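**Q** The primary structure of each chain is shown beneath.
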Amino acid sequence: MPGLSGRMSVVIKSKISKLLDRAEDPAETLEYSYQKQIELLQNVKKGIADVVTSKKRLQLQEQKLRDQVVKLDTQARQALAAGNEDLARTALERKNVAQTELQSLDTQIGQLEQQQEQLTASEQKLRAKIEQFRSRKEVIKAQYSAAEAQVRISEAASGVGEEMADVGLAMQRALDKTENMKARADAVQELEAAGTFDDLTQLGPGEDDIDRQLRQLSSSSEVDSELAKMKAELGTGSGAAGELGAGASAGAEQEAGAGGQPSQGQAS
Amino acid sequence: MIVRISTEGQYELGDSDVEGLNELDNKAVASCESGDPEEFNATFQALIAFVREHGQPVPEETLEPSDVILPPPDVSFEEARAEFSGEGLIPG
Chain A
20 MPGLSGRMSV VIKSKISKLL DRAEDPAETL EYSYQKQIEL LQNVKKGIAD
70 VVTSKKRLQL QEQKLRDQVV KLDTQARQAL AAGNEDLART ALERKNVAQT
120 ELQSLDTQIG QLEQQQEQLT ASEQKLRAKI EQFRSRKEVI KAQYSAAEAQ
170 VRISEAASGV GEEMADVGLA MQRALDKTEN MKARADAVQE LEAAGTFDDL
220 TQLGPGEDDI DRQLRQLSSS SEVDSELAKM KAELGTGSGA AGELGAGASA
270 GAEQEAGAGG QPSQGQAS
Chain B
2 MIVRISTEGQ YELGDSDVEG LNELDNKAVA SCESGDPEEF NATFQALIAF
52 VREHGQPVPE ETLEPSDVIL PPPDVSFEEA RAEFSGEGLI PG
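For the protein sequence lines, the chains are A and B, in the order given.
Sequential numbering of the first sequence, starting at 20, is according to this note's numbering.
Sequential numbering of the second sequence, starting at 2, is according to this note's numbering.
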């Protein structure tokens with residue numbers, strides 16, 4: 020290694036060498052390392068399966084949250100149309116929380132997808148190297164004297180060994196990240212279990228604590244602006260809309276219905 | 002010279018690249034030791050980019066061990082730091 024005194028790489032390399040030293044007794048290099056290679060390949064497959072399982076779980080949760088966002092939006096509109104602004108606000112606050120959660124789930128699912136691709140690529144690379152190792156060892160055995168063959172096979176084995184250590188490291192990191200995501204997914208499930216995203220109409224009294232926490236979680240300015248937008252869409256106006264507004268719009272519907280019938284009668 | 006980026010793969014670099022690599026590597030370690038995460042991240046990403054740019058990916062069927070092994074591209078400042086106090090990415 021001419022002139023390279025880079026310390027970071029030296030630390031990493033010496034650690035990997037130590038791992039390899041532990042794993043390899045030169046006398047048993049051949050069969051032992053081949054066995055190890057096959058073993059690790061199985062582990063990589065299992066690691067990929069774990070990542071896929073976690074991804075599916077998050078996707079299920081994502082769908083559930085998506086449904087809840089739609090439901091809470093509908094409820095907010097209904098509440099507002101009925102003139103119950105407080106209930107509408109509560110629904111929007113919950114929707115806000117669910118949406119934030121949804122965004123973070125999206126990110127996590129994206130990360131898992133990337134990890135799955137990386138691990139699949141690593142598995143293929145490792146498989147190619149193991150295959151190469153198997154054919155190389157036969158060639159070496161046929162072409163070189165016993166002592167020389169031992170040296171060359173050791174070299175080849177340490178090349179594969181390094182690849183194995185690296186795939187092992189990649190897998191460990193992927194699994195660590197998956198663990199973190201699981202912890203977060205569990206936290207969301209607890210929120211769900213506590214009724215955070217449940218049907219508002221099913222909430223009894225005494226849920227004030229959840230409401231307080233929700234208010235802290237959700238951004239009030241976002242909720243305010245969404246509420247204002249919803250009001251504008253519903254045509255309830257600002258300020259003292261309330262029941263008066265709801266009554267007026269109900270009356271407008273009746274008028275429209277009444278106006279509709281005669282025109283239908285004329286047409287037929 | 003063969004350089005491995007951990008969790009990514011091996012790259013073959015020419016002798017003329019050794020100096021540049023060495024410089025960035027030492028800078029990364031220095032920023033790690035002085036406890037500056039931003040400086041570390043910037044330098045370490047430059048180091049990874051240098052290897053990807055100047056190196057040729059080593060073919061899959063090559064069984065050569067690496068001369069140099071760098072930490073994974075997504076290594077955190079804390080992990081890199083722990084690496085120098087004896088623990089870290091690779092146990093033992």
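Don't read these hints as lab results, they were simulated from the structure.
Being a predicted model, the structure only gives us computed values, none of them experimental.
Mixed in with the good hints, there may be bad ones.
[Claimed, not checked] Cut-off 35 Å, straight-line C-alpha distance, at most; resulting in silico cross-link-like pairs (DSBU-like, lysine-lysine):
1. A/Lys75 with A/Lys90
2. A/Lys83 with A/Lys64
3. A/Lys65 with A/Lys144
4. A/Lys160 with B/Lys28
5. A/Lys144 with A/Lys156
6. B/Lys28 with A/Lys90
**Q** Sort out whether A/Lys90 lies within 35 Å of A/Lys75, counting only the CA atoms.
**A** 23 Å, holds
**Q** Next pair to validate is B/Lys28 with A/Lys90; report whether the Cα-Cα distance is within 35 Å.
**A** Since the Cα atoms of B/Lys28 and A/Lys90 sit roughly 54 Å apart, the hinted pair is violated (cutoff 35 Å).
**Q** Would the hint linking A/Lys65 and A/Lys144 be met if the CA-CA limit is 35 Å?
**A** Holds, at about 16 Å.
**Q** Are the Cα positions of A/Lys160 and B/Lys28 separated by 35 Å at most?
**A** 45 Å, violated
**Q** For the pair supplied as a hint, A/Lys83 and A/Lys64, confirm whether the alpha-carbon distance does not exceed 35 Å.
**A** 29 Å, holds
**Q** For the pair we were handed, A/Lys144 and A/Lys156, check the Cα-Cα distance against 35 Å.
**A** Holds: A/Lys144 and A/Lys156 sit about 18 Å apart, inside 35 Å.
When held up to the earlier numbered hints, the structure conflicts with 4, 6 and fits the remainder.
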